[in-house]
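Each chain, written out:
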Amino acid sequence: MRMTEMTAVELSAAIRAGQVTAVEAVEEMLAGIEERDALYNCYVTVDREGALAQAQAVQAQIEAGELTGPLAGVPVAVKDNLCTKGLRTTCASRMLENFVPTYTAEAVVNLRKAGAVILGKTNMDEFAMGSTTETSAYGVTRNPWNREHVPGGSSGGSAAAVAAGECICALGSDTGGSIRQPAAYCGMVGMKPTYGTVSRYGLIAYGSSLDQIGPLTKDVRDCAAVLEAIASHDVKDSTSLQRQDTDFMAALTEDVQGMRIGIPNDYLGEGLDEDVRAAVLKAAEELAGRGAVVERFDLSLVEYAIPAYYTIAAAEASSNLERFDGIKYGHRTTDDAGLHSMYRKSRSEGFGEEVKRRIMLGSFVLSSGYYDAYYLKALRVKALIKKAFDEAFAKYDVILGPVAPTTAPRLGESLADPLKMYLGDIYTIAVNLAGLPAISLPCGKDRKGLPIGLQLIGDCFQEKKLIRAAYTYEKNRGPFGTAGDAEHGTAADERTQADAGSFRASGEGQISQCGMLRHGGKSGKPESEQSTEGTDRTGGIPS
Amino acid sequence: MSKQYETVIGLEVHVELATKTKIFCGCSTAFGAAPNTQTCPVCTGMPGSLPVLNRQVLEYAIAVGLATNCDITRYAKFDRKNYFYPDNPQNYQISQLYLPICRNGGVEIETKEGGRKTVGIHEIHMEEDAGKLLHDAWEDCSLVDYNRSGVPLIEIVSEPDMRSAEEVIAYLEKLRLLIQYLGASDCKLQEGSMRADVNLSVREAGAEQFGTRTEMKNLNSFKAISRAIAGETERQIDLIESGEKVVQETRRWDDVKGESYVMRSKEDAQDYRYFPDPDLVPVVVSDEMLQKIRAAQPEFRNEKMRRYREEFGLPDYDIEIITESRHMADLFEAATAICGQPKKVSNWLMGETLRLMKEKETDAQDLCFSPEHLAKLIRLTDEKVITGAVAKEVFEVMFTENIDPEQYAEEKGLKTVNDEGALQKTVAEVIAANPQSVEDYRNGKEKAIGFLVGQTMKAMKGKADPAAVNRILKEACRK
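Chains as they are written, first to last, in the numbering used here: chain H, 1 to 543; chain X, 1001 to 1479.
FYI, nobody ran anything at the bench for these hints, they're computed from the structure. All figures in this text were calculated on a predicted structure; none of them were measured in a lab. Treat the hints loosely; a few may be bogus.
[As the list claims (entries may be wrong)] Only some residues are given here: those of chain X computed to face chain H with a beta carbon under 8 Å:
| no. | residue |
| --- | --- |
| 1 | Tyr1005 |
| 2 | Thr1044 |
| 3 | Pro1051 |
| 4 | Val1052 |
| 5 | Asp1271 |
| 6 | Leu1280 |
| 7 | Val1281 |
| 8 | Pro1282 |
| 9 | Ser1286 |
| 10 | Ala1432 |
| 11 | Pro1435 |
[Unchecked claim] DMTMM-like cross-link-like pairs, simulated, lysine to aspartate or glutamate; straight-line CA separation at most 20 Å:
| no. | chain 1 | residue 1 | chain 2 | residue 2 |
| --- | --- | --- | --- | --- |
| 12 | X | Lys1174 | X | Asp1186 |
| 13 | H | Lys328 | X | Glu1139 |
| 14 | H | Lys356 | X | Glu1396 |
| 15 | H | Lys328 | X | Glu1333 |
| 16 | H | Lys328 | X | Asp1087 |
| 17 | H | Lys420 | H | Glu295 |
| 18 | X | Lys1223 | X | Asp1363 |
| 19 | X | Lys1461 | X | Glu1406 |
| 20 | X | Lys1360 | X | Asp1186 |
| 21 | X | Lys1463 | X | Asp1363 |
| 22 | X | Lys1081 | H | Asp372 |
| 23 | X | Lys1304 | X | Glu1173 |
| 24 | H | Lys328 | X | Asp1145 |
| 25 | H | Lys328 | X | Asp1363 |
| 26 | X | Lys1020 | X | Glu1173 |
| 27 | X | Lys1077 | H | Asp372 |
| 28 | X | Lys1245 | X | Asp1287 |
| 29 | X | Lys1304 | X | Glu1108 |
| 30 | X | Lys1415 | X | Glu1396 |
| 31 | X | Lys1003 | X | Glu1173 |
| 32 | X | Lys1479 | X | Asp1440 |
In this text, a Cβ means the ideal position worked out from N, Cα and C, and glycines have one as well.
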């Protein structure tokens, strides 16, 4: 088997058995990135030298018997909103184009302690705001299953990198579905743990009360292995939890006998694509066939999750992003006539359209006179949603549903209609509001051959139940196939869609720009040409 | 002025807490370090950094709340106050608005007329200090020092219960003493570890409604506060008398010019968009924690004064001065415990210590000599190892350098000369050099002996026992 097709657990075992070295694994990955990243644009920054040096050190530790875990020697990618000491961390924003942190995010520290080698930083929606990885200032990332489609977002670069074989597994962050949804769109496994399970120290905050870091992997076993490695109590993060039950790999058993699984009727309603619906219900049947007790129920309040989420996340983001002011680090305008003009211009130039939209929305809902009507009300809705889940988990071990209403949209389709894009988060967002763990794993393909994601939601601290159910389903399902198998179908699908005239004029513009990107290519480091292109696309510099 | 006016004053007092580290990170709070050497990702607002509350800050805030009779909020939260300024690295300050740690307290002060009144405390909240902006006129640029960023503060917000500058000073003195006794802060106005903003309005005597208030900032001493209150009262009365309106605004006091000017009016008031900080968990104060802090409250000034009267029988004047600073009271008690002579210890504090404090502009809390050394100095004098004059000389060195008086007297050869032969020799020389004085004494002029003693002491460089000199001189003159 080629190394790029191996799971983390398989590759690490091969390295520890001396069949390959950690350095060879990294070299293979770097070659893959060299070969394919021009097609997908998964990475913002590739740390070639750093990765090779890490691999050498890890190899020595493995040989000395100091590293024996399931991630030893495994090349991984890290979303570009996780700080890495000495390695540029941009949040896919022009604002942080030159920002090199002096510290490493705790989750990345933990991953490195487990022997993983960091290849580089993956593309994302700017400051994790978006569901398509199209708001990046460093160009869009393309879905390895079909390059005319988005990989999802905001952790689209991480999901696509795993799917494209440009890393073995990756870290993402999930504020409203940003791990689970790209995992679904790219046919990967993604997990958002219980809030507080993984330290947020070093994660550049979007919505602090909702953000969690989690794994994007090829299978459930890798997911458990990565989560086990990154989960830790961290005194540097006040919201970090002390958990004793983080031996997640122990839950990798095929056993759902008697497990009570509930499917919310609210998750199967209007707007859900037929192919997705069928695949999800089929997955439920398969679990029932393995002994689970599956039934439908009314979760309620689902329609309030999106407004509550966009109120809370935007409010927190508007404050979290105030520190990007051109004073201490990051982008500063060259045209600075006085302090306030400098603030205004630096931020106008540094932030993209979607980020500005959410900063304005957040500033509005926190402003005097509106705080009670919007922000406080959203917090009350959040509490009610948590209560609705509490009631559901009194009856069920696991809640099952789709990850997203559709499979991956075509490039350009979503940004043309932000409200529609926000509605696409309907099944994932409530999980963040309630602080719950949830896993996304592939459960089929639609008629276009694009992956469909199954979501399993657990009560707080019940990751092990999710892993058990997901593992059982995955074993029952059998191999899902890789994006590489589907690549041939891409062109045909593209023609069919284009001929059918199924995208709008605004979408067309996007497509042509992406066409430019294809020619522009990409070699590890983002080129100024690309970043200019990115900012133009996102609206960039208002006069 | 035909009408009678009443001044109504409320204070917002910021106190810098005496913790070793900052409120949300482990950086040192020490004053005076080179710019930006006491900083980290947290207190410089680097992306991805997170705040973690320093427990000592909470304990100090609760202790101050208990000492000022506040209700302690058992479920408190931190909120973000959002505003852009370069000294504020995150562009929001972590403070408390909705659920401050202490509420509904008050302290008793003495009024000018000798009565007592309670000044209510609306709330006390915890927050972080900002960095410092330095404007370099020469280079035409501004620089930021984040060493102070994240230094813990409490803000004590009073009710509008004060009616004069005297009451304001009495209230501030009361707070200062309580907080110093708690060890929660050194409360120095000049150095900015205690800052007071004055909210002031005037109204016709007997009126029920408050007038429109202004807020006065930049008050760095009690004197400045008194002058600013007088100035602002007069300004507001003048406005009302001339038919104009007082405008709600923030003013900055210029103590050199003795006048204030507008900083910002209510119209430009910013919307701080306060909301609970999602990076910090709610502060839950347990019964156990409250009990522990309550049990650790020190003996405050009033109790101490009562005890000093009963236990040491000191005059009220001495007690007043000694207990004005917790440090001096501690010095007094420790030195007395060693030497067992409260009055002598008190005399050193009331006399030489106060004199040198004034001369060297030293704050009582910065006195550096140890009680052991003071007790030893008293013993050396008692045992006539050194003379009173030498003791004063030694004390002056002790005051600045905390030297061991015995070792110092030894090294500098300051011990009293008890060598009878040496004394006889010097006396003989003095008698020989001052025949007129000797003659005067012999003729019954008692005063002349004083001059001769002085001359002898001078020749002995103060190291002789004056009683012995007196005796030997008299004997010699009679010969």
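Outcome of the hint check:
no., hint, in the structure
1, Tyr1005, "violated, 33 Å"
2, Thr1044, "holds, 6 Å"
3, Pro1051, "holds, 7 Å"
4, Val1052, "holds, 5 Å"
5, Asp1271, "holds, 5 Å"
6, Leu1280, "holds, 5 Å"
7, Val1281, "holds, 5 Å"
8, Pro1282, "violated, 10 Å"
9, Ser1286, "violated, 17 Å"
10, Ala1432, "violated, 81 Å"
11, Pro1435, "violated, 84 Å"
12, Lys1174(X) to Asp1186(X), "holds, 13 Å"
13, Lys328(H) to Glu1139(X), "holds, 19 Å"
14, Lys356(H) to Glu1396(X), "violated, 66 Å"
15, Lys328(H) to Glu1333(X), "violated, 51 Å"
16, Lys328(H) to Asp1087(X), "holds, 10 Å"
17, Lys420(H) to Glu295(H), "violated, 30 Å"
18, Lys1223(X) to Asp1363(X), "holds, 16 Å"
19, Lys1461(X) to Glu1406(X), "holds, 18 Å"
20, Lys1360(X) to Asp1186(X), "holds, 19 Å"
21, Lys1463(X) to Asp1363(X), "violated, 32 Å"
22, Lys1081(X) to Asp372(H), "holds, 16 Å"
23, Lys1304(X) to Glu1173(X), "holds, 17 Å"
24, Lys328(H) to Asp1145(X), "holds, 11 Å"
25, Lys328(H) to Asp1363(X), "violated, 38 Å"
26, Lys1020(X) to Glu1173(X), "violated, 25 Å"
27, Lys1077(X) to Asp372(H), "holds, 17 Å"
28, Lys1245(X) to Asp1287(X), "violated, 50 Å"
29, Lys1304(X) to Glu1108(X), "holds, 17 Å"
30, Lys1415(X) to Glu1396(X), "holds, 16 Å"
31, Lys1003(X) to Glu1173(X), "violated, 32 Å"
32, Lys1479(X) to Asp1440(X), "holds, 14 Å"
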